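**Q** Please model the entire structure based on the sequences and the hints provided.
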Amino acid sequence: MRVPFRVGFEQRGETPRRLSLLVPLASVFAALFFGALFLVATGHSPIDTYSNMFQDGFASFNGITDTLALSTVLICTGISAAFAFQMNLYNIGGEGQLYLGLIGGAWAGIALGDHLPTLLMVPVVLLCGALAGAAWIFVPAFVRSRLGTSEIVSTLLLTYIGASLIKHVIYTPGSFFRNPNTSFPQGRLVADSASLDSFGSSRLYPTFFLALIIAVALYWVVKRTEFGYRINVIADSPKAAHYAGINANRTTIWVMLISGALSGLAGAMLIVGPYGKIEPSIITLGYGYAGIVVAALARNNLGLIIVSGILFSGLRVGGNNLQVTTDTPIHIGVMLQGAILLFALGGEAFRRYRIHVVRVHDVSTKKVAV
Amino acid sequence: MKMKHLKGIALAAAAVVGLAACGGSSESSDTTAAAGSDYSNLKVAVVYIGVPDDKGWTYQHDQGIISLESELGIEVKRVENVPEGDEAEAIMEGLAAEGYNLIFATSFGYGTPMARVAARHPEGCFQWATGAKFLLTAEMGGEFATFGDIPANLGTYFGAAEEARYLSGIAAGAASPTGKLGYVAAFPIPEVIRGINAFTLGAQSVNPDATVQVSWTKTWFGPDIEKESAESLLAAGADVLAMHQDTTATGLAADAVGAKWVGYNSDVSEAAPNAWLTAPTWNWGPFYIQTAKAVAGGTCPSDEYYGSMADGMVTLGSFGSSVSAETQALIAEKTAAIIDGSFAPFQGPVMDQDGKEVVAAGTKPELLDLLGMSYFVKGVIGSPKG
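For the record, the sequence lines run as chains A and B. Heads up: the first sequence begins at 18 in this note's numbering, then just goes up one per residue. Heads up: the second sequence begins at 882 in this note's numbering, then just goes up one per residue.
No lab work stands behind these hints: they were computed from the structure. Values in this document were obtained by computation on a predicted structure and should not be read as measured data. Ideal Cβ placement from N, Cα and C applies to all residues, glycine included. Among the hints, erroneous ones may be present.
[Said to hold, decoys possible] Some chain A residues judged to face chain B by a derived CB distance under 7 Å, without partners named:
1) T199
2) Q203
3) R205
4) P291
5) E296
6) L302
7) I347
**A** Given below as structure tokens:
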């Protein structure tokens, strides 16, 4: 059967300013409406559910501090993804680089013992985590720049190896990272000097501010420095970059190493913050993968990552708590989170393309008339 | 109700008070009677690692929660699919803030988050399944300086599954013509190792040459990898498979080639009736009911509860049609001996894989040795290191 109209997509040259604001807003409302249909169908009040989600994610002391705590990690993995994506380098292995950050951070936190004061120890742990994350992406970066091997496949596959590595260091008796005093597989605690305190009764750690500083600093690097200019030129046109004498290979490697380091840093932040040791449950949480979504929501704009990271964290914290404060089943909370992301990303089409519907007068229309 | 202290831990835990300290069951029920049937001050919540319809670990806990609800006439708040770690802490904090004063958490990884919340909410009572409080001390990699710093409103509960594992091993050994058994196992941790060993000793009690080949999946819940592991064991010649997993994938794989299956957690013979032999199962209801009644009466049990077949926390599932009447009678006899204390699965002499004696003849291992078990007994094929 033919449909008597056709939908056309026409790429916009420049996105109108009003759409930049209107589309994300409309997307969120569309998602809330879509979710409301399910809520009503399952006998839950959409207004109560949404106000609870907002309350638990942003408007209560525990809600907002938990949201900012989670966003600490997601902002880091978000900029890790966005920093590579903006140069069309698809590092989707941030998850694995985060695992290595945990291992690198824990190594420093244990091996250096209590020899250094906290003020020095914490930066060293964070640096080791970042270096471990960068090391994990080195081979994908090298083969991408020299042989053009797809970094999508190589970084993703290394994530599985990273997960096995986490299990290995925790479940192998005698492992350096495992507590030697018990046959229960538990991570070995890092030195006291490598642990920060959270703010008051919250679960928010000072690393949150470091994440903000890094996001702003990288935004500045991309907008204002020669290195950032090179990234932009290569992203727009690799050929033009080549003729301009820019060494794309070297920039590719550096961008990927920085991307890996940022995910590694996220893992090390967990070590100096809430974990204090390698927690094998990290491989079930998907913080690295969530960074990809955070980057997508911010359209890879490093300045917007802070906003999208906090929004996404609030959605997750509020969604998790739906079960606690209401009778909404877990599946509804997860579905709502998914719907909001899907609509927000889908709304992109309206921003980038002009969409028009054309009536089609052809044979099929006549047939219907007959 | 019979309870056991964890030796050594009890020494360190001079401050520990709780139900177990009372001893006899008559005293417990007196307290209950005094509290009457007014449970209006009780708000109970349970944190699940999975969903109640998994037909395994979480399902079995939910059965216990359902019996608690009907016994006390209350409604229990269920929070499902909660990942271990930070997010679990946020959720338990939310529950405590909502006024839930008895919270059960059904996974090992909830320990640290739960202890942190317990410290902030002394008015609540917190119960950590499969936990062991000494693991929260700094010496063991936890974050409390000494055992005494662990919040007194935190208790743990688990049970001697090895008793039912041994009995299921008898059924498996008797049903295996070749004596080659397979075991799909999650993680190389003492709980799982203990189960494999008890199963092996049970099988060897009827078939001295029986061997048990182990395949590690490194996951509790992974239908695909469980199936692959089961198939690799079957391909290697095993004709009976046991498992320490949360799904029925092992049973389905055994059924597909006409092999036999010993399940775990739940009595789910209907999943593969032809393959089904039996299964070590859990009965959490009595513990949940007794703990809720104690809390309603003003006492938070903070002991380390280690249930058994004697108190009914550990049970053996129904028998499949291929377990002969003779085998069933033998199992019934051993069950009675385990319950009256005249027999224990790890009764010496027990040899490890290298033939070294690990439990001397005529002795039984201490509970703490059982809880920390890290060797395989003779006849197990594979490495306890994973």
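**Q** It remains to establish, for every hint, whether it holds in the given structure.
**A** Now for the hints, and whether the structure bears them out:
{"no.": "1", "hint": "T199", "in the structure": "holds (5 Å)"}
{"no.": "2", "hint": "Q203", "in the structure": "holds (4 Å)"}
{"no.": "3", "hint": "R205", "in the structure": "holds (6 Å)"}
{"no.": "4", "hint": "P291", "in the structure": "holds (5 Å)"}
{"no.": "5", "hint": "E296", "in the structure": "holds (6 Å)"}
{"no.": "6", "hint": "L302", "in the structure": "holds (6 Å)"}
{"no.": "7", "hint": "I347", "in the structure": "holds (5 Å)"}
Of the numbered hints given earlier, the model fails none.
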